[in-house]
Amino acid sequence: MIERDYSKFLKDDARLNMRLIPRDVWVEMIKHARQRDDFIEIVLEEMYWLWDLNELIAKAQSEGRVTSRAELLDEIMAEMGDSDWWKLMSAFEEHIMRSFSTNPGGWAEYLDPVYDLQEREGWQHRQ
67 MIERDYSKFL KDDARLNMRL IPRDVWVEMI KHARQRDDFI EIVLEEMYWL WDLNELIAKA
127 QSEGRVTSRA ELLDEIMAEM GDSDWWKLMS AFEEHIMRSF STNPGGWAEY LDPVYDLQER
187 EGWQHRQ
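All residue numbers for the sequence shown refer to the working numbering, where the first residue is 67 and numbers rise by one.
Source of the hints: derived by calculation from the structure; they are not laboratory data. Treat the hints with care, as some may be off.
Restricting the straight-line Cα-Cα distance to at most 27 Å, the calculated cross-link-like pairs of lysine-lysine (DSSO-like) are [said to hold, decoys possible]:
| hint | residue 1 | residue 2 |
| --- | --- | --- |
| 1 | K97 | K125 |
| 2 | K125 | K153 |
| 3 | K97 | K153 |
| 4 | K97 | K74 |
| 5 | K153 | K77 |
| 6 | K97 | K77 |
Using the sequences provided together with the hints, build the complete structure.
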């Protein structure tokens, strides 16, 4: 197994530097974050939409509908205007950048190929 120093992806303030990650990989990381219950809970609470999600969960349960938080998040986002949609997407990006240093290995699936590329070609902005 190759040992990687994920701290190379961090800015001086210990936040993930998304500019070191190619855009297509960054988009996949955001998609992944939007599927994670822990990320959904934190981001929606920060953005004051957790109440809406909890209401949808209660409604789905009362209707006997089996669904995930991620599916209900998609329902909420489908009803949002562009401004709110972009704010929420930015909040997911922000949470990834803020929380990355606590578990960088959790993103290995996405970042290992990027790390290897950066090591080969020199650490530079990819976006």
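So, going through the hints one by one against the coordinates:
A C-alpha spacing of about 25 Å is found between K97 and K125, which places the hinted pair at or below 27 Å, so the restraint holds. With a C-alpha separation of about 25 Å, the suggested pair K125 and K153 falls inside the 27 Å cut-off, and the hint holds. Straight-line distance between C-alpha atoms of K97 and K153 comes to about 15 Å, which keeps the hinted pair within the 27 Å bound. As the CA atoms of K97 and K74 are separated by approximately 23 Å, the hinted pair is consistent with the 27 Å bound.
Our distance criterion of 27 Å between C-alpha atoms is met by K153 and K77, whose separation comes to about 23 Å. Pair hint K97 plus K77 holds up; C-alpha atoms about 23 Å apart against a cutoff of 27 Å.
In summary, this structure violates none of the numbered hints.
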